[in-house]
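Undergrad: Sequence:
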Amino acid sequence: MAYHHGDLRAAILTSAADMVARRGATELSLRELAREAGVSHAAPAHHFGDRRGLFTALAADGFTRLADALDGAHPDFHAAALAYVEFALANPGHYSVMFEPALLDLADGRLAEARDRAAAALDSGIATLTPRQTSADRITAARAAWSLVHGFVSLWTTGALADSRDGADPLRIASQIAYALFPEAG
4 MAYHHGDLRA AILTSAADMV ARRGATELSL RELAREAGVS HAAPAHHFGD
54 RRGLFTALAA DGFTRLADAL DGAHPDFHAA ALAYVEFALA NPGHYSVMFE
104 PALLDLADGR LAEARDRAAA ALDSGIATLT PRQTSADRIT AARAAWSLVH
154 GFVSLWTTGA LADSRDGADP LRIASQIAYA LFPEAG
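Numbering-wise (the working numbering), the sequence shown opens with residue 4 and increments by one.
Treat the hints with care, since some could be wrong.
With beta-carbon atoms standing in for the labels, derived distance ranges [to be verified]:
| no. | residue 1 | residue 2 | range |
| --- | --- | --- | --- |
| 1 | T143 | E103 | 38 to 44 Å |
| 2 | L158 | A13 | 30 to 36 Å |
| 3 | E103 | A13 | 19 to 25 Å |
| 4 | I176 | R141 | 48 to 54 Å |
| 5 | D119 | G75 | 16 to 22 Å |
The set of hints was computed from the structure by calculation and includes no laboratory data.
All C-beta atoms in this analysis are idealised placements derived from N, C-alpha and C, irrespective of residue type, glycine included.
With these hints in hand, go ahead and build the complete structure from the sequences.
TA: Right, dumping it as structure tokens:
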């Protein structure tokens, strides 16, 4: 039975993140989302328009949460890297849509603002890697650092790393990799 939430939009986003984490974005329908969230079948469409609008809002919320996590980390690369990995593993529903441009309205201002804020927060940690290098070196370091954390999360969540299937601590392993690849930041 449908009922009114104090913050209906947030309740729908929470249910959407849970559903995406369990079954993937391709399996989500607005009608099924409404049923799972316990709201009227029209509520998701009213708040988000369509699936693209829902996924865009979910991604924007994810980037905002990621920026908050990065801002809360100690201001160096290793702390930022671990905050990124921890966020991704703790928020799989958000994370899985954040980097799927085909699902998103890339022209959405809230998405762009949230994505830019998260990028700036990650960049501040990356800046500790190359304080005396040229801007070209910093761009290369930024690409390498982002590839490290994003690639690690992808390998971990898909089970491609044997450690992820053996119950190892992903933050410990991510930290070891970050220190091995970027020892100068430690």
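Undergrad: Look at each hint and say if it fits the structure.
TA: Evaluated hints:
no. : hint                     : verdict
1   : T143 to E103: 38 to 44 Å : violated (26 Å)
2   : L158 to A13: 30 to 36 Å  : holds (32 Å)
3   : E103 to A13: 19 to 25 Å  : holds (22 Å)
4   : I176 to R141: 48 to 54 Å : violated (26 Å)
5   : D119 to G75: 16 to 22 Å  : holds (18 Å)
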